[in-house]
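Undergrad: Dock chain one against chain two, each of which comes alone in its own frame, and use the hints as you go.
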Amino acid sequence: MKSKSLKRWLSVCLAATAIMVMTAGCQGKEEAPADGGASAAQSESPQASDAADAADKTDTASGGKDGKAIIGKVSYNMNEAYHQAECAWFEKYAEEAGYDTIIIDGKVDSSIMLNSVQDLISKNTKAIICQPADVANAEALVQEAQNADVPLATFVNKAETTANPHIRLYEAPATKELGAAAAKKWMEWYPDKKIVMAIIDIPSSQQVHEERALAFVEGVQSVAADAEVAVMLDGESSRDKSMACGEDILQSHPEVNMVYGINANSVLGALAAFEAAGRGQAEDGIPKTELFVGTDGSEQEAIKIYDPNSSLKLTMALSPKNNAKTQIDTAIQLMNGEIDAKSDYEVEVTDVVLDYWNTPIDEFQKFLVDEYFSEMDLKQELGLE
Amino acid sequence: MSKSISKSTLTQLITLSILIVLVVVLSILAPEFLTYNNMMNVLRQVTFVIITGSAATMLMITGHMDLSVGSLLALSGVVFAVCAMNDIPLFLAGLLGVGVGFAFGVLNGILVTKLKVTHVIATLGSMYVARGLSYIVTDGKSINAGLPRGFDSIGRKMIGTIPIAVIIAVLVLLIFFFLESKTVFGKYAFAIGGNKNAATLSGIKSNRLVLSIYTLVGTMAGLSGVIMASRLGAGDPNVGNGFEFDCIVAIVLGGTSVAGGSGSVIGMAIGALIVGFLSNGLNLLGVGTFYQTVFKGVILVGAVLLDSLIKKKLK
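Respectively, the protein sequence lines represent chains A and B. Just so you know, the first sequence maps onto residues -2 to 382 in this note's numbering. Just so you know, the second sequence maps onto residues 61 to 375 in this note's numbering.
Rather than coming from a laboratory, the hints here were simulated on the basis of the structure. Bear in mind the structure is a predicted one, so any value in this text is a computation, not a measurement. Treat the hints loosely; a few may be bogus.
To be verified - Calculated cross-link-like contacts (lysine-lysine; reagent style BS3-like; alpha-carbon spacing at most 27 Å):
(1) B:Lys242 with B:Lys256
(2) A:Lys339 with B:Lys217
(3) A:Lys191 with A:Lys104
(4) A:Lys173 with A:Lys191
(5) B:Lys372 with B:Lys356
(6) A:Lys104 with B:Lys242
In isolation and in its complexed conformation, chain B is listed as follows (with noise of 0.2 Å):
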């Protein structure tokens, strides 16, 4: 192995080997696998993953997490069906479900950075608040009366025979690729993360730096919320359950370290499709749903002690 290659690019290398191996296995076993349909499926379903985990990357490498953003995937969800539903122009009302979002990430990058509140703590606070609230506005019950024409667009409709959901989530994906690697932006979230005293005592705006990443996964889990609620045709406050796990399980699949600097959105995207690729060629193969469970955590945990051998070998 050539020393050129990095050692995010090497876990890039593993992560997308082991995803390769996973859909030729799914292949063999599960003719309808390889379908074009269904890989349209498995692609609309990371969907959301794909765009809160490309912000969520970031934030973890700076050594943040948050949690809310299953709560806010539900809360900006049915802050856009209520106000679909009340007449507010569709285009309005998604900018307003974003905006849930956006102004929960805000809350989340001040509680964290000015008012000093344990990034776990602050996000759990944040996912209570906005699950109540998703139940508090839609009196628990799920809304999809009175929601105009187009309301499922986003989330349904397709561009030539690529899904407009997946369409977004690529572009999300580029930008915060771009983001991460291209930009002065990322450099400082590596370097934050790798030692956030020497990145403040180098000049960086480290709480501002990460504040602005917190609005980001609060705006990005806000755009996944506004697709569900049209996928789903409804604003349901029960959706996004263990959402925030999923999307953690993509990032340290795709070899982003829990404890920051390190790690890449590329990776949590092939992350994202491990797990998408499992679920659906087991549901495919008719495992049964208790063991699918086992398997998804032996898959896990077996990827990433792969992952840390082989790095160990190469050395």
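Only chain A is shown next, with the shape it has when bound in the complex (with noise of 0.2 Å):
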């Protein structure tokens, strides 16, 4: 009778929990990003006005709130931060041009984002934006939007065989120019130790291969040409994969003295793994043993960077304000037809390279604050106030 009663609370507990989620899930995309409020409405621009007029002239009858047509986005991995970030930009900014938004997270899963884009082919979405898995997932996505006629432009991987309009991530330009820099500052450090450097990697990403490890190695050795690579591993795009390959570093090759890391859970993760063993330490924002570069331009990177103490000094950081607008305006530009949905049409964005020396730290607060809705005090955290 008590495990009667027992199981019977528990079920209305249960329904009443899946309600409230229901509920706070469907409102939770309504609201504004915490900062982005201020930040979005300053760049309301002619474009966004004549998006909104775009927006009108759409077909409305799509499914969207209160008429409005809808745009879809399947996101690459929603449990990062810059995706988070780059997600509520893209809300916000649809928001303003007066249309709605429905974002999946493709869970870096070739198969969910196939899903997720017969989703929004339902749903009736006057256009899709998404970050295919890979170029080849890329494909299966192409075509599956274009047998549906539903116009889907790509982020970062391409399709190679089926023309398709794509926003290219065309990073190299900065990594190679951040592997520079760090290569730069080791030789006015320590000019007479050759640069071995270890690479946190995802080697299945092509573009991260390419345009981040491979290009920050060759940034290196534009500077130094002798700067070996003694290892280069798979994070995982994980923090505690990276972890392990930091420690594996240091027992493999422990005179490594440059690592890079493809984004910032791939450089933490390798950080906290040399600091756990006493080294990734710096003396007045020189380091001692090595020095450490990330990728992303985060919160946890922007406290390593300010610190004297710590060895990472340098991060490539990706815009999620400016790579959203964008992918926002092609959508729109798509659903006007000013691009052919079958065409191979492309529109780069680029990073752009922080560091301890060269950047003032009230500029990577503003960089924080305007990309990442950060509300975390940057000088606070450091005590420098």
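TA: Written as structure tokens, this is what we have:
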């Protein structure tokens, strides 16, 4: 009897939770990002008002709220700060332009991404923006959308054989610049120590491998021709896996004096391993045993970069705000017919290099607030105020 | 409620009722939900769970589990793609892909029945080996270059207005339903799950039967992998992460006991549809991804609790 009553109560509680979660989930997407309102409002431009006009012109029998047309997005991986920020900006810009959005987490899984594109097609979305899991996945997504006559633009990974509009994340120049800057600094501090690199990579992602890992090495070698790569490991974009990689590097290649991580998790994971072993230290911003270089421009990287005792000193920052804006602009142009949905149209977005020496802390703080809706006070975190 | 309705039928009726309620609610909330195209989408999406889950249900009825199916799905898909890329005729390439699943199924069966390795450990080991092999075969990258015309037929093409993959899934489901309910093979599976020692003492060759079901599970995972690769138009070593849990969720939702001895293939198919419709419906409703995860967990536990509550009430 007791267990019966307990089960009844549990059922009621679960039902209530389900309703609350569904309600909260449906409402969640309408909330403006914490700090995005002000920044996004500043970016209201003639283009945005054109977009709003375009939204009115678009066929509105699409099931969006108040008859608004829907732009769909399949995000690469909503567990990462960059993608969360990009999605928040995506919603914000779409809203300003008069569109509804549906954003689905692709979870870096090609089958989930294909399912998501099918769901968005079912929802009568008027355009879809998608960052496919890889080049092969891009092909399947593009074909699925084109078969259903729904315009789809890819971001980062582009279909190789089927023509489709693409937003190219052109990172190689910035990564080379990052590598060159890191090498210059190292040679300035330790001119007699040959650079020995370790790279925490994601080899399964062609874009990341070529435009980050290999481009970084090229950048370093453009300054220090004798620099060599001791090891390139797969950190799987995960903090704990990258930390394990860092531990392995310490065992197999203790001579490593420059570590590059292809994203925030990669560099921070490896750095944690070095710190646990008593390395990863700096004195007045000059690394004692090795220089760490990251990618993303996240809050946690910023804290390390401006800590004079940490050896993480540079990062290549992505702009979720600019990338989302480009995605929305592309989606609107696709809906208006300004871009042919079956053409090889391409638009580029790039990254920027931020570092301890050339980027004032206030500038990085502004970057975090503008791009990531950060509420963190960087100076306070570092005990500078 | 008539006494003639068995416990298993009752479970299926309850699960079916949950599915119907879910479909009705989602149809009201999302007008696009109950359209032919969307229904086909969902069916295509649950195809893999139904194919693999059909065999895995039989396995769970015997009190065993196979955690390697997700990795086998990936490995079979990449083997299919590599073979097709190397000019092996598509049908043969598909057979080789399915054959990889078959081989791993036999291996799992031998590990569990002959070498007495716990089923969780044995299939966990296979899971790692198969996943590692998929990365080795593809060098960690998806294979889509050089695939012949027709590679995507089984995954994307239709017969009339019904996707081929869905037709295959229905056929597999019917075969396993027949095996489970109309053959001695099925009855023995229930007997082993109910009490393995008693089944063995009464003359059932338990180890041989369990080994053959492991082989069936591996083969079905292989078939799913080939269809998945065809659907994606690529052999992707990363697919199928968490697929084993998708299958387990569908099987448990369908009323199969994790401890063995009871369950049904049809119940698993209903469970797979519940998960598929829920996932699709939440996407159509624009429910945030993090909320979806919580919601799915709540539905899973809630459905099992409801099932148990109703059964007790009817007693």
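Undergrad: Could you run down the list of hints and mark each one as holding or not?
TA: Taking the hints in turn, this is what the structure says about them:
At roughly 21 Å between alpha-carbon atoms, Lys242 of chain B and Lys256 of chain B fall within 27 Å of each other, so this suggested pair holds. Among the hinted pairs, Lys339 of chain A with Lys217 of chain B is consistent with the structure: their alpha-carbon atoms are about 21 Å apart, no more than 27 Å. Restraint check for Lys191 of chain A and Lys104 of chain A: the C-alpha separation of about 40 Å exceeds 27 Å, so the hint is violated. Taking the CA atoms of Lys173 of chain A and Lys191 of chain A, the gap is near 19 Å; set against the 27 Å cutoff, the hint holds.
A distance of roughly 24 Å separates the Cα atoms of Lys372 of chain B and Lys356 of chain B; the hinted pair therefore holds under the 27 Å criterion. Of the pairs offered as hints, the one joining Lys104 of chain A and Lys242 of chain B is violated, with about 41 Å between alpha carbons and a cut-off of 27 Å exceeded.
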